[in-house]
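Participant: In the order they appear, the protein sequences are chains A and B.
Counted from 1, the first sequence has number 126 at position 126 by the working numbering; the numbering is strictly sequential.
Counted from 1, the second sequence has number 33 at position 33 by the working numbering; the numbering is strictly sequential.
Honestly, I wouldn't trust all of these hints.
[To be verified] Derived lysine-lysine pairs resembling DSS-like cross-links, with alpha carbons at most 27 Å apart:
1) B/Lys-87 / A/Lys-157
2) B/Lys-239 / B/Lys-10
3) A/Lys-217 / B/Lys-87
4) A/Lys-217 / B/Lys-10
[What the hints assert, rightly or not] Below, a sample of chain B positions facing chain A; criterion: calculated Cβ distance under 8 Å:
5) Trp-114
6) Ile-134
7) Gly-141
8) Ala-148
9) Thr-154
Derived from the structure by calculation, the hints contain no laboratory data.
All figures in this text were calculated on a predicted structure; none of them were measured in a lab.
For each residue, glycine too, the CB sits at the ideal point set by N, CA and C.
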Amino acid sequence: MVTLGPFLKRELRLLARQKADWLNPVLFFVIVLSLFPLGVGPEPNLLRIIAPGVIWIAALLSVLLAAERLFKDDYRNGVVEQLVASRQPLLAFVLAKLLANWLSTGLPLVLLSPLVALLLNVDMASFTAMVLTLLLGTPLLSLLSVLGAALTVSADKGGILLALLILPLYIPLLIFASAAMEAAGMALPYHGQLAVMLAMLLFALALVPVAVTSALKINVS
Amino acid sequence: MFKWLHPYAKPETVYHLCGRLMPWLMGTALLLLLLGNIWGLAFTPPDYQQGDSYRIIHLHVPAAIMSMGTYSAMAIAAFIALVWQVKVAQWSVLAIAPIGAVYTAIALITGMAWGKPMWGTWWVWDARLTSELILLFLYLGVIALSGAFSDRQTGAKVASLLAVVGVINLPIIHFSVEWWNTLHQGASITKFAKPSIDPSMLWPLLISILAFKILMLALLCVRLRTAILVNEQHRPWVKAMAGD
């Protein structure tokens with residue numbers, strides 16, 4: 001934990017200097033969402049019905065877009081190799097990556113949610129559910145995309161492979177998140193779905209960083 | 001126990017062991033497959049509700065059970081490969097994955113063919129069907145990941161790691177019918193309770209399940225032998241066998 005600070009500072013400084021890395025996925029999220037009303041028609045009731053699924057699929061895709069570059073630069077310029085070779089625990093580096101990834105891709109989606117709610121004609125009850133599911137779900141998205149990025153960091157065709165690997169793992173999250181928003185839209189309780197999402201998040205938080213460190217070690221050896 | 005197991009980590013021993021076991025396994029599997037399917041398809045009474053269309057159970061249930069069984073076998077091999085760095089275990093992960101993918105595809109296709117007359121639709125987005133589909137994607141992911149690296153060793157290791165991570169899906173598939181209210185029926189055969197299926201239909205089904213299990217082992221022997229030859233082609237024992 002002592003070493004988390006410098007790593008996090010480095011990640012945030014990198015993000016501040018390479019704004020495209022985190023701005024593009026956020027813009028992509030907004031653009032995908034604004035395409036749906038054009039594609040399916042601007043009927044407000046229809047938009048309200050499809051909103052939960054559309055929002056979550058756009059969130060999945062934008063996080064996936066950011067995932068590809070997560071470890072690529074650090075791998076190419078040898079940072080990962082140096083960290084594996086040094087006696088520094090890799091875990092602090094991984095946790096800093098995770099936190100920076102969530103701050104740059106997950107948090108903007110939560111902050112943008114009022115705008116999204118306006119665009120897709122989401123009512124107040126569903127809006128609360130949307131913010132809650134995004135708050136619980138985006139850290140899990142970050143965890144899974146860090147895992148996928150670590151697995152494919154030295155692969156020849158990383159990009160499309162990454163989507164093939166992580167999208168199946170995203171499916172349970174997608175099911176519960178959109179179920180919670182649908183229940184909220186029908187004024188039903190949705191604590192159960194939120195509890196399951198929290199359970200998945202905690203479970204992944206306990207195990208994924210360990211898997212990520214061993215994936216990085218395999219990739220540099 | 002490790003002293004007894006240790007010689008089996010040597011590729012040469014495994015190669016010859018697989019060669020000796022393969023004909024027996026393949027023969028038994030084909031015999032049981034014929035027995036179970038002919039008995040099940042021709043000589044069991046029709047179901048009182050589903051008529052004759054339930055008979056596809058003799059392909060669907062064994063393939064579905066073994067799609068998960070094969071995954072757990074692959075995950076155990078992957079775990080051994082990662083923790084103890086046993087080469088043979090690493091190769092067997094890659095040898096098992098396509099077998100499991102085909103079993104999963106058989107389970108999905110026969111399930112669709114069964115769903116059409118019973119539910120009136122080829123596909124529903126029900127929990128068990130969806131999670132079985134995710135299982136197929138996981139198998140395909142393991143296969144694709146192992147082939148994506150220029151270094152074969154790294155590919156095998158990374159694919160093993162993915163196989164271990166994907167184990168999380170197994171309990172989800174197994175309990176999906178109990179956790180969610182879905183169209184797919186619950187399990188008819190359990191270890192602890194009396195099966196909710198008539199004995200005259202149960203026996204051919206059990207034989208088919210056993211046949212699929214042994215067939216998986218037989219196919220694994222064939223594929224593992226090939227993998228060992230490919231990976232050890234520069235070793236003296238392979239060269240001596242090839243007559244160089």
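Participant: Now look at each hint and say whether the structure bears it out.
Facilitator: Each hint, compared with the structure:
Between B/Lys-87 and A/Lys-157 the alpha-carbon distance is near 25 Å, which keeps this suggested pair within the 27 Å criterion. Taken as a hint, the B/Lys-239 and B/Lys-10 pair is honoured in the structure, with Cα atoms around 16 Å apart against an allowance of 27 Å. With a C-alpha separation of about 18 Å, the suggested pair A/Lys-217 and B/Lys-87 falls inside the 27 Å cut-off, and the hint holds. Taken as a hint, the A/Lys-217 and B/Lys-10 pair is honoured in the structure, with Cα atoms around 25 Å apart against an allowance of 27 Å.
Because the beta carbon of B/Trp-114 sits about 23 Å from the nearest beta carbon in chain A, more than 8 Å, this interface hint is broken. The interface hint given for B/Ile-134 is met, as the beta carbon of that residue sits about 5 Å from the closest beta carbon of chain A, less than 8 Å. The beta carbon of B/Gly-141 comes within 5 Å of a beta carbon in chain A, closer than 8 Å, and the hint placing it at the interface holds. Taken as an interface hint, B/Ala-148 checks out: its beta carbon lies about 4 Å from the nearest beta carbon of chain A, inside 8 Å.
Using the Cβ-Cβ criterion of 8 Å, the hint placing B/Thr-154 at the interface with chain A is satisfied: the shortest such distance is roughly 6 Å.
Hint check: a violation occurs at hint 5 only; the rest are consistent with the structure.
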